[in-house]
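**Student:** Just need the whole structure built from these sequences, with the hints factored in.
Residue numbers (my numbering), protein chains in the order written: chain B, 1 to 307; chain W, 1 to 350.
Treat the hints as calculated values from the structure; they're not laboratory data. Just so you know, not all the hints are guaranteed correct.
What the hints assert, rightly or not - Below 25 Å or equal to it, Euclidean Cα-Cα: the simulated SDA-like pairs (lysine to any residue) are:
#1 125/W / 64/W
#2 305/B / 236/W
#3 305/B / 309/W
#4 11/B / 262/W
#5 92/W / 3/B
#6 247/B / 228/W
#7 290/B / 108/W
#8 41/B / 116/W
#9 34/B / 119/W
#10 15/W / 34/W
#11 38/B / 117/W
#12 78/B / 288/W
#13 305/B / 284/W
#14 305/B / 221/W
Here the structure is a predicted model, which means the values were calculated and not measured.
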Amino acid sequence: MNNPYIPIPVKVDRIRFETDDRLIKTFDLVFIDKEDEKTFKYFPGQFAELSILGKGESPIGIASSPTEQGFLKFTVMKVGVVTTALHNFDEGAVMGIRGPLGNWYPIEEMKGKNVVIIGGGFAFTTLRSLLIYMLDKNNRKDYGNITCIYGARSPDLLCYRDELEEWEKRKDMSLYQCIDWKFGSKGPIEEAAATGWQPINLKEPKNTKIKPGIKKFTAFVPQLVSAVKPTAKDAYAIVCGPPIMIKFTIPVLTELGFPPERIFNSLENRMKCGIGKCGRCNIGPKYVCKDGPVFSLKELENLPKEY
Amino acid sequence: MKDSLNNMKYIEKNKLVELIKELKKDYILIAPVKLKNFVLFRELKENEEPYLDFLNSRNSPKEFFFPQTENIVEFEGIIDKRVSKLEDIKNKKRIILGMRPCDIKSILILDKLFINEDYVDNYYKRLRDNTLIFGFGCNKPRTTCFCTSFESGPFFKEGSDGFITAIGDKFIIEGITEGGKKLIEKLENADKDMVKAKGEIEKNANDTVPSSVKVEKIPEKLREMFEHPIWEEISERCLGCGVCTYLCPTCHCFDIQDEVINERGRRVKNWDSCMFPIFTLHGSGHQPREFRYQRMRQRIMHKFNYYEENFGVIACCGCGRCITQCPVNIDVREIISSIKNVKLTISNEK
Chain B
1 MNNPYIPIPV
11 KVDRIRFETD
21 DRLIKTFDLV
31 FIDKEDEKTF
41 KYFPGQFAEL
51 SILGKGESPI
61 GIASSPTEQG
71 FLKFTVMKVG
81 VVTTALHNFD
91 EGAVMGIRGP
101 LGNWYPIEEM
111 KGKNVVIIGG
121 GFAFTTLRSL
131 LIYMLDKNNR
141 KDYGNITCIY
151 GARSPDLLCY
161 RDELEEWEKR
171 KDMSLYQCID
181 WKFGSKGPIE
191 EAAATGWQPI
201 NLKEPKNTKI
211 KPGIKKFTAF
221 VPQLVSAVKP
231 TAKDAYAIVC
241 GPPIMIKFTI
251 PVLTELGFPP
261 ERIFNSLENR
271 MKCGIGKCGR
281 CNIGPKYVCK
291 DGPVFSLKEL
301 ENLPKEY
Chain W
1 MKDSLNNMKY
11 IEKNKLVELI
21 KELKKDYILI
31 APVKLKNFVL
41 FRELKENEEP
51 YLDFLNSRNS
61 PKEFFFPQTE
71 NIVEFEGIID
81 KRVSKLEDIK
91 NKKRIILGMR
101 PCDIKSILIL
111 DKLFINEDYV
121 DNYYKRLRDN
131 TLIFGFGCNK
141 PRTTCFCTSF
151 ESGPFFKEGS
161 DGFITAIGDK
171 FIIEGITEGG
181 KKLIEKLENA
191 DKDMVKAKGE
201 IEKNANDTVP
211 SSVKVEKIPE
221 KLREMFEHPI
231 WEEISERCLG
241 CGVCTYLCPT
251 CHCFDIQDEV
261 INERGRRVKN
271 WDSCMFPIFT
281 LHGSGHQPRE
291 FRYQRMRQRI
301 MHKFNYYEEN
311 FGVIACCGCG
321 RCITQCPVNI
331 DVREIISSIK
341 NVKLTISNEK
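**Tutor:** Following this line, the structure appears as structure tokens:
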């Protein structure tokens, strides 16, 4: 009988620093038993418990897309016991994973629609999965316009920078990036402008006229969304980022005309079992691990504000 | 269910020890045992006798299905070399003798969480599958009992494989499931008078339960009360010690921890409690339930609203342990009554 508590053995195939503060690393994991790879069927937005015997487990969103074969990608910040142990690993180390767990972004429902992806900081992981999935040559035709708005505190804290460069050049999607460097009297803002980051009208972001070709800005994510003004017509918004970013982005999306049933968030809570038994990650009657982590704003409106 | 005479057996109280001796050959026998100041369920040791002259045990026997600490895996040396899997864990059949109907009801409640179509907790299921339960009717409920509030009662038999009723110097034992009937087939049949006496006790049993609360519509009402000020009021004197959650037969929250000594280690499921702040503390420092009233709200909401919404049953069996053991006399019956008395205004409704 399948036992949901037992991890599947994997090998750490590749490790690299994601951000210059060296707190975030990306790990490519490969299954030791190829049979496990076949049964590990996942979708963008799902997560897995990274399991290090002797240390514990940590729930992390899957950053690779099911269209990428042969490995699973996890981008992990060094925070506690498990993630620190993971950061100390060398390539070749053996560990376990449990999953895939949770639900996923509405990839079926969004077919034929425009998709706006909005991410902040290192919460971009499962959004990367979604983006790669939709841009896949077999899937791209299923979706309308793809707009991606991604921000971090500073340029060196953006994840997947090589890929961001590639996506910038693509004709079948629009990528807007922003950084929220403190805007001093001189200093960072000039430095930012010199490296291609353009200011926007922060007081009235929606009055900003975005010149064609300019895709990098100094702004907070909600302001950039307001300036880019993605159309809500036939469109879905997928939002993932720190709580403060979500808080200020939702009203902008609502003003742009996105109804709550077409705004999706990915949430997190402290988790242990990942299968809706251990009882700690609930928001009202819903468990983030089993009923989420992806919730539409409409669903969230019907749940208590306890997250 | 009409009692069929064939399934009704009896044994003299002083002969029980012999029966147990017989059963112990093939089964692990778990029964209430008298310790210094309280009664506890535990595996009977060599020549240990069960103590059946009790009201209820201090701890809930849920631990025999959902142990306080349970190994998920054991490991040794290199961290990926697992030395123990589920199959290795001992599988001897067990009998729990003398479990009270409220506690049996609680297991029926827990079944819905641990064994459902989403995921099956194999550890729980294994213990559930290899255990026969002999329920024990309550001739004399405690003052804090309120089992009849939850479609249960002092002679509630669902979930029992066999059921024991004490009459005078005899135990009448009723076989309910095939497994239960088989265990007692060698006992002598009860006669008509015994069955009649048993019927008499059962007939008025529900009236002997000293307290009850009306829980109809409580789940629906709680849905509108998340933001209500009542939670701060109720939790004012709570110490956050968590004893209610540890003794509660339906509390099932657990933690998963890894323990390593030298080269040997294990990953364990441990009971946990929603009354502790660390239960929900994020790695980032973010805390969704920062205040005690939020944690008290979670406990009550989980039992009387969320669980009902997810599984169609309230997660309380009316055993009263949280009432008798609370160091500051918080009474869940009073909490339910105050919820009932709340007049919802428009602003409390979403």
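**Student:** So, for every hint listed, does it hold in this structure?
**Tutor:** Hint check results:
1. Among the hinted pairs, residue 125/W with residue 64/W is consistent with the structure: their alpha-carbon atoms are about 11 Å apart, no more than 25 Å.
2. For the given pair, residue 305/B sits about 22 Å from residue 236/W by alpha-carbon distance, which is consistent with the 25 Å threshold.
3. Our distance criterion of 25 Å between C-alpha atoms is met by residue 305/B and residue 309/W, whose separation comes to about 18 Å.
4. Among the hinted pairs, residue 11/B with residue 262/W is consistent with the structure: their alpha-carbon atoms are about 24 Å apart, no more than 25 Å.
5. Restraint check for residue 92/W and residue 3/B: satisfied, since their Cα atoms lie roughly 20 Å apart, inside the 25 Å limit.
6. Proposed proximity of residue 247/B and residue 228/W is supported: the alpha carbons are some 23 Å apart, at most 25 Å.
7. For the hint linking residue 290/B to residue 108/W, the alpha-carbon distance of about 22 Å falls within 25 Å, and the restraint holds.
8. Proximity of residue 41/B to residue 116/W is assessed by CA-CA distance (about 21 Å); at most 25 Å being required, the pair is judged to hold.
9. With a C-alpha separation of about 24 Å, the suggested pair residue 34/B and residue 119/W falls inside the 25 Å cut-off, and the hint holds.
10. As the CA atoms of residue 15/W and residue 34/W are separated by approximately 19 Å, the hinted pair is consistent with the 25 Å bound.
11. Distance hint between residue 38/B and residue 117/W is fulfilled; the C-alpha atoms sit about 22 Å from each other, no more than 25 Å.
12. With a C-alpha separation of about 21 Å, the suggested pairing of residue 78/B with residue 288/W holds against the 25 Å cut-off.
13. Only pairs whose Cα atoms come within 25 Å are accepted, and residue 305/B paired with residue 284/W is accepted, the gap being roughly 19 Å.
14. For the proposed pair residue 305/B and residue 221/W, the alpha carbon gap of about 18 Å is at most 25 Å, so the pair holds.
The structure is consistent with each of the numbered hints, conforming to all of them.
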